[in-house]
Amino acid sequence: MRAAWNRAGSKTIAVALAVLVTAALLLASGASPIESFRLIWQGSVGSGPKAADTLMAWVPLVLAASGLVVTFAAGLWNIGVEGQVVMGAIAASWVAREFHAPSAAVITVALIAGIIGGLLWGLFAGVLRVYGKVNEIFGGLGLDFVATGLVVYLVIGPWKRAGIASTSGTDPFPKEAWLPTVGDKLAPIAIVLAVLAVIAVYFLMRGTFFGLRLKAVGANPASAYIIGLSTSRYLLSAMAICGGLAGLGGAVQAIGFQHKLVPAISGGYGFLAILVVLLAGFRASLIAPIAFFFVMISVGGTQLSLRLGLNSSLGGVVQGTLVLLTVLVGGWQVRRARQRVRLEAEG
Amino acid sequence: MRVKGLLRLVFIFSAFALVATACGDDSTTTTTSASGEGFKFGMILVGPQNDHGWSQAHYEAGQYLEQKTGATMIVLDKVNTADRPETTVDQVIDDMVAQGAGLIFATSDDMKDGVLLGAERHPDVPMIWSSGDNAWADGKDYRADLANLGNEMGRMEYGKMIAGCAAALTSETGKLGYLGPLINDETRRLASSVFLGADYCWQNYRGMGDDLSFSVNWIGFWFNIPGFTLDPTLVANDFFDGGVDVVISGIDTTEALVVAGQRAAADESVWAIPYDFEGACAEAPNACLGVPYFNWGPAYLRVLNSVLTDSFSADFNWWGPDWADINNADTSGVGWEAGAGLSADAAASLDEFIAGLGDGSINLYTGPLNYQDGTPFLAAGEEATDLQIWYMPQLLEGMVGASSAG
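Chains as they are written, first to last, in our numbering: chain A, 244 to 590; chain B, -18 to 387.
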């Protein structure tokens, strides 16, 4: 109980500090902080269409983040998540371009392809780790570059627009492959998938033997091995689950948001998801609101440029400040706690 | 310990404050006049508004409109999928319309899908897709249904011919390099125009043969996006390392000139020609032979006036320089600002060349001309039509480099 209070307290201090720092930044840029926060609010959830934009950006971030909860539980730093998003998008784009069938069929197959694309890429990093003894951070980073290289190659090469070689992106997919929307932007299927993913990961980690064993593997692989758990199988499963969810995020980006394949299809949501999960303290229950807060700042931050003429990088600065301060405050608390223990021991 | 912690926080605060001051945006001054008072127009830029290139030229045209009419610009820069993954062009159009914009300029070829979608969604809001061709009835991508979306573009072919000529008049090695963005109709015709201007001046003013070496290297986008495009700084360096002594830039930003400036400072005889923005030479004046630039102001002012007087129509406009004075800010859409690196002799020949282009005595798109693969483009004496120039399917014979993706 006390630990929970401490955690909540540290988060509150971090958020309060981040708000203060951001306000100072805004003042220094010559803008009113209150007006700026109001614009971010208005521009992200203040109207139906804006809320739709925010939700659509939330989906890939939440999907990647829920996947990362699983890999972090297994003690894996799955930096390759970015590449897994990209591979999901590539696989879904391939279906959207090549598979001609009624809309429901194309979309279903494209989403499944996205899951498989991401899953295989995640598994690849896992195999490198388990059988090749390549640390998943380096393996994942390498595979991120390979995925980015592949998407640029496809966009500028085999999938280029006729007579054009540009990293602008492919031709838009046929309309049958677009996720159906309510209004202009909101694709309910995408939202449902993201919510289901969060719930599934929550129960997977809390209510199943698999989750429990995964945590055991993550906490102490040697002991887990001694008590008879197949460490490799759990590590590979975690990578596959995370890859699949990230790949699904990539698929939604491709057929639900950009409606074409662009080199920046991942939108950096994979890397951003790592920050979300760090901030959430690796808990599935906190991912959805924290991810929502992040995308509110990104989507709403545009208004700071549009309405106040401010540099739009401010949104990213706010996100970075928040994570930095949370980690700082968290580290400071840990140090204080250690000190107290030492003092008590000495006294 | 507490004091140290506090100091650390103060340090962090001050660091952020410093960053904020550095990031602070430029304020815009407006001279009001009656006609556009209270009117808002949107300006969507693909790159940063201070890129010393394509986007800044548009941004400053927007400021020109503000000064001339008293209207207010709503601007959003860096609208591309790498810089703003959560934003699409049609979303920006929605935002600007919601904010009261009565006219929107989408200023990049890259915005095609988004602006077509936005124009469909807001049929009552006049829009311009600059460098596009959807409003050209004779063009390949005519969209008769979009009565609210016009196109504006300058005949930069002339500016590029002048640039090519300046390069050929200066080159000591006879090797020129063209730093290209991505490959499409627009960039093929602009690269070809540089080549034509260079080849003409190499032979006619320098008295050389047809031995000018002209290579094109494409980076993949209008500006550098690390990881997604080739690095223009590396490409420019590669050109110079390979014996090229003048690099002509076709991208939105000024890397070629920066590299040339660094090398010239180390006593190398190299030069560059940037693109798009009148003030681009300022990055490295002595290495700069000049810059062919767009002056979007007059064309955009014509569009804004048509909207203010309710006479807007979605036209395709492809305007040239005002040959009476190609640098007249109020009349000429395409200009050439000579750089400090251009010698007096070269400048004299260049003026003669510009005069020839202006009075029509020099028309470089006249046959015989072949495409890069040797197939005929224009027969002897045949002059290219606008359609042939706009939609060039290949580079020209004599140019080394890709005509389309492999």
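If you're looking for bench data, these hints aren't it; they were derived computationally from the structure. Glycine included, every Cβ here is placed at the ideal spot set by N, Cα and C. Any given hint might turn out to be false.
Unchecked claim - To list a few chain A residues with every Cβ distance to chain B over 10 Å, as calculated:
#1 I359
#2 I407
#3 S411
What the hints assert, rightly or not - Just so you have them, the derived chain B footprint on chain A, three or more residues with Cβ under 8 Å:
#4 420 to 427
#5 451 to 462
#6 470 to 484
#7 534 to 543
Status of the hints after comparison with the structure:
Chain B leaves I359/A outside its interface by the beta-carbon criterion, the shortest separation being 23 Å against a cut-off of 10 Å. For I407/A, the condition that its CB be more than 10 Å from all CB atoms of chain B is violated, with the nearest at approximately 4 Å. Residue-level check failed: S411/A sits 5 Å from the nearest beta carbon of chain B, not beyond 10 Å. With a cut-off of 8 Å between beta carbons, the region 420 to 427 of chain A has 1 residues touching chain B; three or more are needed, and the interface restraint is violated.
Against chain B, the region 451 to 462 of chain A contributes 0 residues with a C-beta closer than 8 Å to a partner C-beta. That does not satisfy the three-residue criterion, and the hint is violated. Counting residues of the region 470 to 484 of chain A whose beta carbon lies closer than 8 Å to any beta carbon of chain B gives 0, which falls below the threshold of three, so the coverage claim is violated. Using a Cβ-Cβ cut-off of 8 Å, 3 residues of the region 534 to 543 of chain A lie near chain B, which meets the minimum of three, so the contact claim holds.
When each numbered hint is compared with the structure, violations occur for hints 2, 3, 4, 5, 6.
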